[in-house]
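Q: Chains as they are written, first to last, in the numbering used here: chain H, 1 to 342; chain D, 1 to 342; chain R, 1 to 342.
Mixed in with the good hints there might be a few duds.
Note that identical chains are pooled: a pair holds if it fits in a single copy or bridges any two copies.
To be verified - Result set (EDC-like, lysine to aspartate or glutamate): computed pairs, CA atoms no more than 20 Å apart in a straight line:
#1 Lys26 - Asp37
#2 Lys102 - Glu125
#3 Lys193 - Asp204
#4 Lys55 - Glu221
Hints listed in this document are in silico derivations from the structure and should not be mistaken for laboratory results. Because the structure is a prediction, the values reported are computed rather than measured.
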Amino acid sequence: MPEKTLAELAEHVGGKVHGEANIVIKSASTLRQAGPDDISFLSNSKYINHLQATKAGAVVVDKEIETSTPLLIADDPYYAFRQIVVLLHGQREHKKAGISAKASIAKTAVLGGDCHIDDFVTVSENAKIGDRCILYPGVFIGRDTQIGDDCILYPNVVVYDKCKVGNRVIIQANATIGEDGFGFATHEGEHHKIPHIGTAIIEDDVEIGACCGIERGTLDETIIGRGSKLGDLVAIGHGTKVGPCSLLVAQVGIAGSTTLGHHCVIGGQVGIVGHINIGNMVKIGAQSGVKNDVPDGKVIFGSPAVDASKAKRAYSLIETLPEMRRSIRRIEKRLEKLENDD
Amino acid sequence: MPEKTLAELAEHVGGKVHGEANIVIKSASTLRQAGPDDISFLSNSKYINHLQATKAGAVVVDKEIETSTPLLIADDPYYAFRQIVVLLHGQREHKKAGISAKASIAKTAVLGGDCHIDDFVTVSENAKIGDRCILYPGVFIGRDTQIGDDCILYPNVVVYDKCKVGNRVIIQANATIGEDGFGFATHEGEHHKIPHIGTAIIEDDVEIGACCGIERGTLDETIIGRGSKLGDLVAIGHGTKVGPCSLLVAQVGIAGSTTLGHHCVIGGQVGIVGHINIGNMVKIGAQSGVKNDVPDGKVIFGSPAVDASKAKRAYSLIETLPEMRRSIRRIEKRLEKLENDD
Amino acid sequence: MPEKTLAELAEHVGGKVHGEANIVIKSASTLRQAGPDDISFLSNSKYINHLQATKAGAVVVDKEIETSTPLLIADDPYYAFRQIVVLLHGQREHKKAGISAKASIAKTAVLGGDCHIDDFVTVSENAKIGDRCILYPGVFIGRDTQIGDDCILYPNVVVYDKCKVGNRVIIQANATIGEDGFGFATHEGEHHKIPHIGTAIIEDDVEIGACCGIERGTLDETIIGRGSKLGDLVAIGHGTKVGPCSLLVAQVGIAGSTTLGHHCVIGGQVGIVGHINIGNMVKIGAQSGVKNDVPDGKVIFGSPAVDASKAKRAYSLIETLPEMRRSIRRIEKRLEKLENDD
C-alpha cells in the first residue's frame, strides 16, 4: 500500500492542510479507531467530540477547527476522504481466474477480453460478456443476456435470459436480475401465469445489493437507470423504471410499472405502489408508504407519506392520541355543563 | 412465433371483434410501445387516453369503445390477453440439459423421465424428482425431499431435506425452501436451538418469488397451499399454513404458526404475527400490520390494520394531527373564557 | 431414534412426572398432531383447550393441571421440551462429504480436521476453515476469511473476503456475509463507491437466517455478537454492532453504524436508522421504526416507536381519528353558539 504525506493527499483532492503537512499517512480509519498513521474524516459536526478525542494522524474536514490534529480542509470532505481511501487502499482486488475449466460456458456464448470467469459459473447460449468482467463462483448468466465491460458479479448472482447489463455494473452476492414478475390473470379463482416476454435492463455504473430481486417486465422493460445504487434486499416490480443516479436503501420495495426520476433518495423499507410516477430529486423517508404520484423535488415521509415538513410533527403526535381523546371528552363535559347552565 | 388474425385470436379466447377482423397480429405489447403488428390490452379505464394514443394493431377491452383501433372484446380482458400472450409467445423455453455430467446426483436419488438437470445441481440421497422437471444450475435438493412433475427450479434455489414440492411448481432464483425456523428456547440468557423436525410442503401450481425464505415447521408442516403465488423476498415462518390460491405480494412477512385461508390477497410489505387465523378471501393492504384474527372476506388496511372502509380516511388524517391539537387548545381557551364569564 | 419412558425424560430435564411415569415416548409433536407415542408441550395457557383435546402420550407443562394426560412438570417447559426434542431426534445430520473432489479449494486455504466440504464449494486463497465444519454445495468462502470450528453453512451461503466467523455458527441458505455496504460519496450528482476496507465478524454461536445480508464495515467492523440469532431476510448495515444474545426476527433492517446491546428482541420488519445506540435488553415491537437512541431495558413499539405502554393504546386510536375530527367540529359549533348567546 502506498504511503503519502498529508500535503500529497491535500494536493490529490484539491484541499489544503491546516497544521503539520509532512506527516505520513498509510491508511484510512474511523475517528475512534484511527492511530497516528491513519487519516480519518468528520462529515457531521455532531461528532466533533470524536474529533477532539481521536488519535488519527490527520482528519479531513470542511472548515478550520480548533484542534491539535492536522487537518485536511476540503469543500466536500466525504468525497475527498473517499478519494484518499481509493488512493491508499484501492477497490477490492479479484482473483485472476481466467476462464476456469470448471465453469460452464455455452459454445455460442461470447466472452470479452481479459475476463475472469470463476469455477461453477454458467454462461448460457448466446450470452455475451464484455471485456474485463469478473464473474465469481456460482454466477448464472441466462440465454441471450448481455453484460457490458468491467462488470463485477459476486457469487451466486443470477441474471435471467435476454437481460442487458451495462458497463461497470456491480452486483452483490445472491441478487437476482430479470426473474418473472408477480403477474397472474385470475380467472374463475385460479391465478394463471402471464409469460414475461419483457426484460430487465441494468444501465451503466449501477450497483445492486445482496439478495435483491429485480423482476423483468411483463411486456416491456424494467430499467435501473445509469448510476443508480440499490442497497440489499430491494425488490423492484416488473416494468418499473428507476431513474439515473437514484439511491434506494436496503429493503425498499417498488411494485410494478412505476416510474422513479433521477437523483431520488428512497429510505430503507419504503414501499411504493405500482403504476405511479415519482418525479426527479424526490426524497422519501425510511418506512414510508407511497400511493400517489410525487412531483419533482418533493420531500415526503410517513405511511401514508405526506410532506416531510408536516410529517415529522404529525407522526410524532400519534403518541398523544389518548391524551387528545381525553381532552375532547373533558371538553364535551364542560360544554354540556355550560349549555345546561344557560 | 405464430401469426394470427384478430378473428382467430377472438375465437381462441371466446371474444368478439369490433373493427377490422383480418389484421394480422404477431406479438403482444403495452399500449405505449405497441406497433401495428402488436396486440395490447386495456384493463383499467383510467388508461383510456393510452388507448386513444396507441399504435397497436388491436386492443383487448371489456366493452365497445369509440376508437379507430380494432378491438377484441372479452368478458375478462386481462385473462383473454394472457391467453393470447401464451398463444403467440409461449412460456419460457428451457435448455434441454438432460442430466448434466456436471450435476451431482446421489446414487439413491430417483429422477423422473425427461428431466433436465443442469450443471452444478445437487440432488441428495433419497431425493425424488418427478417427470419433466427443470433444475437450473446451482439448485440444491436436500435428502429425502420430493419434487413432483413439471416443476421449474431456477438457479440457486435451495430446497432443504424432507420437504415436499407438488406438481407444476415454479421457484424463482435464490429462493430457499425448508430452512430451519426462528426457534430458540431461551434459558438463562442463552438461546438454544430447537431441532426443526417438521417440514415444508409446497403444493401443486404454487409459484415462489426470488429470494423468498419458507421455513420448515418446528414439529409440523409449513404449507403453501395449491395455486398460491408468492412475490419476491417473502418470509414465511415455521408451521404457517397459507391457504390455496392466495396471493402474497413482495416482501410480505408472516410469522410462525399462523393460518391464512384461500383466495387471500396480501399486499406488499405486510407483516402478520404468529399464531393467528386469517380467514378466506381476506384482503390486506400494502404495509399493513396484522396482530389479530381476521374473519372471512374482510378487507383491512393499516398498521395496526383496521377495516379498510375506515382505514383510508383514518390514516390520511394523521397529517392533520398538529391542526387538531391546535384546535383543541383553542377550544380549551375559549371554554375557559366562557366559564370565567359565567 | 431412542425411546424413553416419561420418567427418564423427567430425569433428563430435571422435572417431575404427574400421572403414569412408565409410558414410552418415541418422538415429539404438537398438541394437535401428537399420538400416544409422542410428547408435546404447553407453553402458553391460552392453548389449554388443545391440551384437553390432545392425544399425546405426555405433555410438558409448567404446573399441575387437571387432565388425564400424563404430565412432565418443568420450571421452564419450553426449554425442557427442547432438551427432549434434542434427546429424541437430535439436530439435523449432515452428509459425510469429506472434502469433495468437486469442490474448489485454493492451495493456500487451510482446512481443519473432519471437515465436510461438499461439491461446488469454493474456498478461496488463504481462507481458513476450523475443525468439523460442514459446507454445503454452492457455499463461497472469500479470500483471507476465517471460519471457526463446528460451523454449518447451508447451500449457496456467501462469505466475502477477510471476514471472521466464530465457532458453532449456523448460516442458513442463500445468506450473504460481508458484502460491500451501501456507501457512496455523492459528488456533482454522481455516486462514487467507497472501498469497503472494513470487515464483518460473526461471533460464536450466532445463527443467521436464509437470504440475510450482513454488510462489511466501510472502515471498521460489522459485528454480530456472540449467541445472537437473526431470522430470514434481515439486512444489517455497514459498521453496525449487534450485541451478544440478541434476537432479530425476520426482515428486520438496521442501517449502518448503529449499536445494539445484549439480549435485545427486535420484532419482524422493524427498521432502525443508522448512527444510533440501542441499549441492552431493549424490546422493539414488530414493524416499528426507530430513529433515536433507546436506553437499556426499554420496551418500544410503533413507527415512530414510543414507549410500548403508551404505544398500543395510541396506535389503536388512529382508527378513531375521523370521529375525533367530527367531535372537534361539533364542539366548535356548540362553542360558537354559546359565545354568540353570551
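Q: If you check each hint against the structure, which ones fail?
A: Of the numbered hints, all hold.
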